[in-house]
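A.B. asks: The chain contents come next:
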Amino acid sequence: MTLYKQLSFLVTLLLISIFIIVLGVNFKNSTDSVQEQLYADAKNTATSLSLSLASANGNISMMSTMINANFDNGSYQNITLMDMNGELLYERHSEEKTIDVPNWFIEMIPIKAPVASANVSAGWNPIGILNVQSSTSDAYQHLYEILCSLAVSFSITFVISVVILYILLIVLLRPLKEIRHQADAISNNRFIIQEYLPYTKDFSEVVKAMNIMVKKVEDIFNKANDALRRQSELMYKDEATGLYNRKYLLNKLPEYLKIDAQIPSGVCIMLSVNGVQEANKILGRQKVDKLYEDIARMLKQHSNDFENSLVVRMNGTEFFILLPRCSEVNGISIAEYMSHASDILLSKDLDRTKTFLTFGVYEYNHKQTVSQLLSASDYALSQAKLFTDKTHVYFHKTESDAEIMGKEEWREVIDFAIQHNTIHFDTYKAVNAGTKEVIHNVLTIAIISQDGQKYSYGKFIAPAITLGLDIEIYKKALVKIFKEPNAELKGSVCSLRLSSQYLEDTLTFSELKHLLDKYAKDLPFKLIIELPDKALSADSENLQLYKELFELHNIQLGVFEFIGESEDYRYLKELRPAYIKAEIEYLLSQTTQDLSSLQVVADSIGIDLIATGVMDKESLEKLQAIRIDKVQGRVTEMLS
Amino acid sequence: MFFKHLLVLLLALTFAEAEAYVSQSIIKNVEKKYNKFAENRFIDMQQRLDALKNKSTIIKLNTINTFFNQVRYKSDMQNYKMSDYWATPWEFLARDAGDCEDYVIAKFFALKYLGIDPKKMYFTYVKSTQFKEAHMVLTYFETPTSEPLILDNNNRFVLPASKRPDLIPIYNFNGDILSKAAKKAHQKTTKKWDDLIQNTKKGKI
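Chains as they are written, first to last, in the numbering used here: chain A, 1 to 640; chain B, 1 to 205.
These are calculated hints, taken from the structure and not from any lab test. These figures come from a predicted structure and were not determined experimentally. Hints are not guaranteed to be accurate.
Said to hold, decoys possible - Not everything, but these chain B residues come out facing chain A in the computed CB check (under 10 Å):
1. Ala97
2. Asn155
3. Arg156
4. Val158
5. Leu167
6. Leu178
7. Thr189
Unchecked claim - Rough simulated footprint, nothing fancy, chain A against chain B, three-plus residues with beta-carbon under 8 Å:
8. 50-56
9. 169-177
Don't be surprised by glycine CBs; every beta carbon is placed ideally from N, CA and C.
Taking the hints into account, I'd like the entire structure generated from these sequences.
C.D. replies: As C-alpha cells, this is what we get:
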C-alpha cells in the first residue's frame, strides 16, 4: 500500500473518529442540557405552585384546582401532592403524547425526567410535599431535531474537511511522488536528477541524498564510458592512416562469417606495398607516410560503393579490404583499377620494378572461419607477389563445397514449414558458472520438413536468407511463441534473437505490435528479445519504435554481437538491456584496462556481461580469471 | 500551649467512640486560615454540643440558638462579595459573621447532630414586620400539626410562633425531606441546598 493510501486511510479514520466524538459530545451536552431544562422547569413549577398552594390553607379541593390549572397549561408527566407522612393527597398524570421521533431514538436515548419537589405550607405549618415531573415528549422531539441538524452540519463539514485534507495530502506528498519516481528510475538503472528540492525538510534531505548518489553513479558511468571510447579508438584505429587495424578486423569478421549473415558472400582484397625501404631512401620517411595516407584514401574511396565494406591496415605495408556482395569479376576489376590508381600515386622518382602494390583477391562466403578467410587472402597475396603480371593482381577462388541440397529443395522445405507452421524451438541455456544457476533459456528456431526431418537454425537460415524467406520464418516463430507458448518454460526467462533484417523490414513492426498487444500479457514466461549491438548503437528511428513497443509490454532487451566499436556507450544507459553478449574471443582479447572499463560501464547501469561460444572448461577458466562468470555455449552442458 | 494540645488530645479520645461534629482537620485548617480565636470557637462549639448530648430537646434548641446568635450579623455582600450565599456552618463560625440563612443553616446541622429529627425542622421564609424585610428563621415542629418554635437570630429566645406576631410565614423548606422525596427520580433538591451539602461535606471553611 502506498504512503498516500495509508495516510488517506489514516486521515479518513481520524476524521471519522473526531467527528463521531465531537458529534457524541455535542449530543451528550444537548441531552444533559435538555435534562437540566426539564428539571429547571419542573423546579420552577414546584416552587411557584407550592407558594400558591400555601394560600389554600390546607384546603384539598382548592389545592387540586390549583394543581389542575397548572397541569393543563403546561407540559407535565406527573404532579403529585403528598402529605407529611408520604400519603398521596392528589395526583395528575398524563400519557406521553405521540411525537414524530423514531422508536430507535427513544430506545437509544433514555431520558428520565427529573422530579422536582417543594414543601407546601399552611401558615407556619408544613402540610405536604409537591412533586412535579415534566413531560419528556417535547424533550425527545427537541433532541431528535438537534441530532438531525448536527448530523447534517457534521456531514457537510466532514465532506469539506476530507476534500481539503486530501488536497493538502496531494500537495504535501507530491515531492514523495517525485522521490518514488526517482527511486523507480534508480532501480531500473535510469538516472534522474531532481531539479526542484521539496519544501518539506525530510523529503528535501532524501532528494539531495538520492541526487548525490545518482550523480556519483552517473559520473562513474561517464568516466568509464569516456575511457572505453578512448580505448576503442586506440585499440581499433591505425593512427597514421585513420583506417581500422587488424584487431578490429579479427573482432568484426565473425559478423560477416556467421550462418545468418545479412550478406553471405563477397570479395576480400589483401594488398601489400612492396619496396618501402627503397621508397624511404628515395623519398624520405615523411613522403612515404604521405603515400600511405593517399593509398588509404584511395582504398576507402573505391570501397565506398559497397555497403558494410571494411578497409583495414593489417600492418606497416599490408592492407585488407572486405567488399560484401561483391562478385568475383567485380572484385578483380576493382583490384585492377586500384592497381592502376596506385601507379598514379607512386612518385615518378621511384623505381617501379622495386616499389609497387600487389593485390590478392579472394572470394569468400559466410561458411568460412576467420582463419580460413585470412589464410586464403594471405595465399592470394603471396601468389600475387610470386606471379606478378602487369596489374599485380591475383585471384584465388574458393573451393566451394558442393551443396547437399539445391535452392529449390530448400525452398520446398522452408515453404512447407511456413505454410504448415512446423516451426519448432530448440532451447539451450545461459548459465552463471559461479553459482551454476540458469540465467535464461535461449530459444533458437528449427523447422521440420514434410518428411519429418528437423533442420536446425544453423542449417536452414542461410538458404532462407538467400531465398528471402528468413523474415517470414521469424514472423511465424514469433506468432508461435505468443500464441502457443511452451508450457514447460512457464515461470522461466527466455531469450530470442531477432536479426537486423527483421528489424529493418518495414512490414514487421505493425504485425509484431498487433501480436504483442493481443498476447504479450498472457505469456507464461519472461521474454528477452536479443538485438545485434550494431543495430542498437545505430539507434535508428525504426529501432526506437521497437524499443518503445517492447518496453510497453515489459519485454526486456538483450544485446548480442557486442564488440565495443561504438563511439559512445550512452545508448546502453538509455536502452537498459538485461545483458550484453560478446564472443569469448573478443572478451579474451581485451586488455585489462579495456575490460575493466567495459565492466564498470555494465555494472554502473546493472547490465550483465555474458560470454558466448564458450566450448570447454579451459576457456571458461580463462573467462573466470577476468571475472566473467556468465556464459553460453557447449560448456554449459558440463556445468550442471 | 501544652494545655491546648492536651485539650485536643482529650477531645480526640472523648470522640473516639462517637464521631465529632467538627473534625480535627477542619479545626487545624481553621486555625491556619483564620486565627486561634476561630479555632477556639470550634473547640468551644464541640464542647457545648458534647455537653448537650443527653439534654432535652428544648435545652438543645435554646442552647444552640443562644450559641449561634452570638455570631455577628453581616450581609453576604459584605462577607462574601456576593448576594444570597448559603455559607457552611464552618464558614459561618470561622468568620464569626453571617446573615439570617447562615444562622438557620448552622443551627439546623448542629441540632441534627444532636439527634433532633431533621423532619421536624424547617428553613422558614418569613416577612419581618419589624424590619420590613424578607427574613429566614429555623422552625421546629414537635408534631406535624403542632405550633412551631422559632429559632431567630434577631431574638435570643426560642418562642412559639404565636408569640412572634412580627413574623409572617411565607414558605417552609427542608432540603433533607425533599431529597428523600425526590431520591428515586433525581438526587437534586435545589441548587443552594445541593451546593451547601457538597461544601459542608468538603469541609469548606
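A.B. asks: Using C-beta distances, would you say chain A covers the segment 50-56 of chain B, given that this needs three or more residues below 8 Å?
C.D. replies: violated (count 0)
A.B. asks: Quick check on Thr189(B) please, does its C-beta sit within 10 Å of some C-beta on chain A?
C.D. replies: holds (7 Å)
A.B. asks: Does Ala97(B) pass the interface hint, meaning its C-beta sits closer than 10 Å to a C-beta of chain A?
C.D. replies: violated (28 Å)
A.B. asks: Hint validation: Arg156(B) versus chain A, beta carbon distance must be below 10 Å. Holds or violated?
C.D. replies: Violated, because the Cβ-Cβ distance from Arg156(B) to chain A comes to roughly 20 Å (cut-off 10 Å).
A.B. asks: Okay, the segment 169-177 of chain B and chain A, do three or more residues pass the C-beta test at under 8 Å?
C.D. replies: holds (count 7)
A.B. asks: Against chain A, run the beta carbon of Leu167(B) and see if the smallest gap drops under 10 Å.
C.D. replies: holds (9 Å)
A.B. asks: Does the CB of Val158(B) sit less than 10 Å away from some CB of chain A?
C.D. replies: It is violated, given that the least Cβ distance between Val158(B) and chain A is near 14 Å, above 10 Å.
A.B. asks: Should the interface hint for Leu178(B) be scored as holding, given a Cβ-Cβ cut-off of 10 Å against chain A?
C.D. replies: Because about 4 Å separates Leu178(B) from the closest Cβ in chain A, which is inside the 10 Å limit, the hint holds.
A.B. asks: Less than 10 Å between beta-carbons is the criterion; does Asn155(B) satisfy it with respect to chain A?
C.D. replies: violated (15 Å)
Comparing the model with each numbered hint stated earlier shows that hints 1, 2, 3, 4, 8 do not hold.
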